[in-house]
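Protein chains: 2
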Amino acid sequence: MTRSIYEVFLERFGVKVGDYVEIVYDGGKRLRGVLMPKTIFSGEDILILKLDNGYNIGMRMDRIADVRRLEPPWSRIEGVRKTVERPASLPRVRIIAVGGTILSRVDYRTGGVRSAVTPEDLFDIIPEVLDIADIETVVLMNKYSEHLTPGDWAKIAEAVYRAYRDGVDGVVVLHGTDTLGYTSAALSYALRGIDIPVIFVGSQRSSDRPSSDAAVNLLSALYAAGNMDVGGVFVAMHHTTSDDLVAIHLGTRVRKNHTSARYAFETIGAPPLALVKNLKEIRYTWLRDELSFVKRGGGSVEYRPGFAERGVFLLKFFPGMDPSVVRLVMASGIDALVIEGSGLGHVSQGIIEVLEEFIEEVRVFMASQCIWGRTNLRVYDTGRDLLRIGVVPLEDMLSETAYVKASWILGSFGKDYLDTLMPTPISHDMLPRSFPARRRCVDDWI
Amino acid sequence: MTRSIYEVFLERFGVKVGDYVEIVYDGGKRLRGVLMPKTIFSGEDILILKLDNGYNIGMRMDRIADVRRLEPPWSRIEGVRKTVERPASLPRVRIIAVGGTILSRVDYRTGGVRSAVTPEDLFDIIPEVLDIADIETVVLMNKYSEHLTPGDWAKIAEAVYRAYRDGVDGVVVLHGTDTLGYTSAALSYALRGIDIPVIFVGSQRSSDRPSSDAAVNLLSALYAAGNMDVGGVFVAMHHTTSDDLVAIHLGTRVRKNHTSARYAFETIGAPPLALVKNLKEIRYTWLRDELSFVKRGGGSVEYRPGFAERGVFLLKFFPGMDPSVVRLVMASGIDALVIEGSGLGHVSQGIIEVLEEFIEEVRVFMASQCIWGRTNLRVYDTGRDLLRIGVVPLEDMLSETAYVKASWILGSFGKDYLDTLMPTPISHDMLPRSFPARRRCVDDWI
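Chains as they are written, first to last, in this note's numbering: chain A, 4 to 449; chain B, 4 to 449.
Source of the hints: derived by calculation from the structure; they are not laboratory data.
Model, not experiment: these values are computed from the prediction.
Beta carbons: idealized from backbone N, C-alpha and C, even for Gly.
Accuracy of the hints is not assured; some may be wrong.
One-sided excerpt, in silico: chain B residues whose CB lies under 7 Å from chain A [unchecked claim]:
1) Thr-140
2) His-150
3) Pro-153
4) Leu-331
5) Cys-373
6) Trp-375
7) Thr-385
Far from chain A, some chain B residues (derived; all Cβ distances over 12 Å) [claimed, not checked]:
8) Val-27
9) Arg-35
10) Lys-53
11) Arg-63
12) Met-64
13) Ser-92
14) Phe-126
15) Tyr-164
16) Asp-172
17) Asn-230
18) Gly-353
19) Glu-360
20) Asp-384
21) Lys-418
Pulled from the structure, derived: some chain B residues nowhere near chain A, Cβ distances all over 12 Å [unchecked claim]:
22) Asp-69
23) Pro-94
24) Ile-362
The shape of chain A in the complex, shown without the other chains (with noise of 0.2 Å):
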C-alpha cells in the first residue's frame, strides 16, 4: 500500500496522527496542538492541527519548518483508556450505521459538516471500542435523521433483529440526533420484549472535533450494550456538560430539547434508567425498581416491524389556527391524526369542529404541546367537548411518540386497532405515575 503524502510528510518529523506537537510555521509562528487525521475533505497537503483552545486550524505543509513531538498537557484518549479495565472475555456487540454527526467530520473547505465516516474509521480515532466489546459493524445506511422515514425505522427494525437472533449480546445504533427520538420510540414498538440492550447513539459535535461527545456517547453505548443486565431500546447520550456523566434513556420518552448542547437529551416525566459513570460502571436510578423492566436472556422478542409510510399527521395547535387548513389535513387521506393541544390536551372551538366532522374516518388522539405532564379533558368544558366527539386522550405520552406508535398500529395491526392500542401502554410510553425528574436550581440567578 502506498502511504499518502500526508503519512510521508509526518514520518519526515518522526511523528503520527493523535501526538500532542509544537509546529514552526510561516517562518517562525508556534503553534502546539493535536494531529489530527487527515480528512477525505482536506486537500493533501494540509495538515490540521487541533489547538489547545479547542480550535481545528490547516497548514500548508509547504510553510511549515518543523514539527516535535512534547509531551501533552493534557489527553482526553489517554484517560479514558486507563480507566477501562478490560474483562476476561469481552461481550459481542453489533454496531448497526444509520447516519448522522457521529458519522460525520468537519468539512475544513466550507466549515460545514459531511456525513463521510464509516464505523472502521471511527475506530482510528477512538480506539478504545476495541476495549470494550467484541465488535461487528453492519452499514445499513447513511442518512442524516431528518431525512428517515417509516420503512426506514423498519429497515433498521430488521437489522436489529438479525444481530438478536444471530446471537449478539448488545446492538448499537449510530443515528443522527434530530429525530433519534422518533426512531427509538419505532423500535420500541417493533421489537417489544427485546431481551438484549439495544442502544441508539448519537453525537452533537462530529468526530473530530476537540469539544465531540462522539467518543463518549459511543463508548458508553457500548459498554451498556454489553453488559446492561436489562433488555429493552434506549438511546445513550451524554447527560451534563461534564463529560463523566452518559444517560440511558427510555426509547419511547426520550427528546431532544436543545439545539446544540451536548447534554441536549432528557427522558421526559422521569428520570432516565442508567447512568454510565467514567465508562465503566452503569448506575441504574431508582426507576428501574418503580418500572418492569424485561431482564437480559429472561424474554422473547415480538417481532411486528410494520410501519405506515403515510396515512399519520402530526398537528401542533396554536390560537388563531384556520379550521379550514385542519379540515385539509384531515381530508388529505389520513386515518389518524395526533393533536399537541395546549394545556391538558386543548383546541379551540372551530378546530373542534373539523374534527367532529371527520371522525369517523380519521381517529384523532390528544397529547400536549407542554411535553411535561399529562393530558387531561375532563377538567374544562373544552376537554369534556373532545371526549364527546370521540377524541383520545394519551395520557403523559409524547406527541412524537404517539405520532410513531400510530403509524406501527396501522402497518402492524390495521386501522381497526387504533383506538384500543393507542391508549394501552406499551413499552412505558405511558407511565402509571408521573415521576420528580425536574429540579430547578435559582442560586445562581441572583
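Using the hints provided, position chain B relative to the given structure of chain A.
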C-alpha cells in the same frame, strides 16, 4: 339585601367563611377544615369544607349537628397578611380580566372547573389584594385561552394601552395559562417600549381549591405591577413547588412546560427577569444587567395593535411528514409559514421541494422543535439547502413567538416587512447569546 341560606346557617353557629372549624356530621363523624365560600354551582343547602388533607367536601346542612370554631393549625391567608407592609400610598394598578382558571371555580356537581368568577369575587377570596395596590378592574372578556384569536390580542392590547393613557402605575392581565405565552408575546410587540410593567398572570388550579396558586400568583403580579422599576410585558407564575417564589418571565420567551404543575412556566434560554419573594420583595436576576430594559416612566410606547387573523401557519416537522399535506397548507392562502424544524432547523428533502415551489408567495421562517437552543442552517447540507431556497432562520426565537410576530407584522406593517422584521430582535425575542439557565440535578435519582 336578604341573606342567603348559607349565611343564615353559618350565623346559627357563630362562624363565617374562612373560619377553621370542626363539624359534627351524620350523627357523630367529626371533620375539621376551613369553611369555603358558597359557589354559584353548589346547592343552596350544601356547605363546603376544605379539609386538612387538601380536599374539599360538600355536606348537606340537614345532616350537620354542630359547627365549632377552632384555632387554625395553619392559615396561608393569615400568613400572607402579616408579611405585607402597607405602604403610605399605594400604587395604582388596573386589573384586566380576560379569562382562565384564575377566574374559575370548581363546579361541585361535575367536578370540572368553570369560568365564573369576577375580579371582585377574587377580592372576597383573596382580600389581601387591597393591601398591595389601589385597584381598578375591567372585565374585557371571559374566555379560556385556547379560544383566543389574534383579534382578541388586539383588544387586550387596546385595553392595556387605555390603562397606560389613564396614568396607572401598572397593569395586571388575568389570563388562561394554555396560551398565556402567545398573548404575552403579542403584547410585547403591540406595546413596544411601554414604560410601566404589564404583568400577565394565570393559575393552574382554581382559586377555591386548597392547592390553588391563584392567590400567590395574583398577589405577586400586583406587587410586581405596582413596584417594579422597569417597564415591559411580563408573565408572573409560580416558580417552584414552594409558595414563596413567583417568577417574572419575559413576555416573548415564556413557555408553559407542564400540563398541570404550578411551576409549569419557564423563560426559555435565560433566567426569568426577577423573582417576587414572599409577596413583598422583588429580586432581579443578573439578566437585568445583561439585557436592556425600559426604565419605569422613562420611555414612550409604540402602539401597534394590528394582528392578522389569518395568514400565518405554525407547522411542526416530523420524520415521514407527507410533502403533499404540506403542499395543501402552503396553497391554502397563507402569507407566512413558521416551521418547527428538527434539531438546528431541518426538514426532509421532500418538504424542501414543496417550500421552494411556493416560496415567492409564502415566506418561510425556521424555528426548532427542540425549544432550547438556537437554529443554525450553516452546519449541514440540509440547512444550506434551506438557506439557498430562501428560508429565514430565527436564531433562538420560540416557534410560538415567531407565529405571533408574523401575525403582528402582517397586521401592523404588511407582508413586505416580513423578511426584514422577522429576523430583527424585538422585545428580547432573539437574544444575543444564550444563558446557562438550566441545570440538571441527579443526586436524587440514584
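Review point. Of the hints given before, which are not true for this structure?
Key: Those not satisfied are hints 1, 18 and 20.
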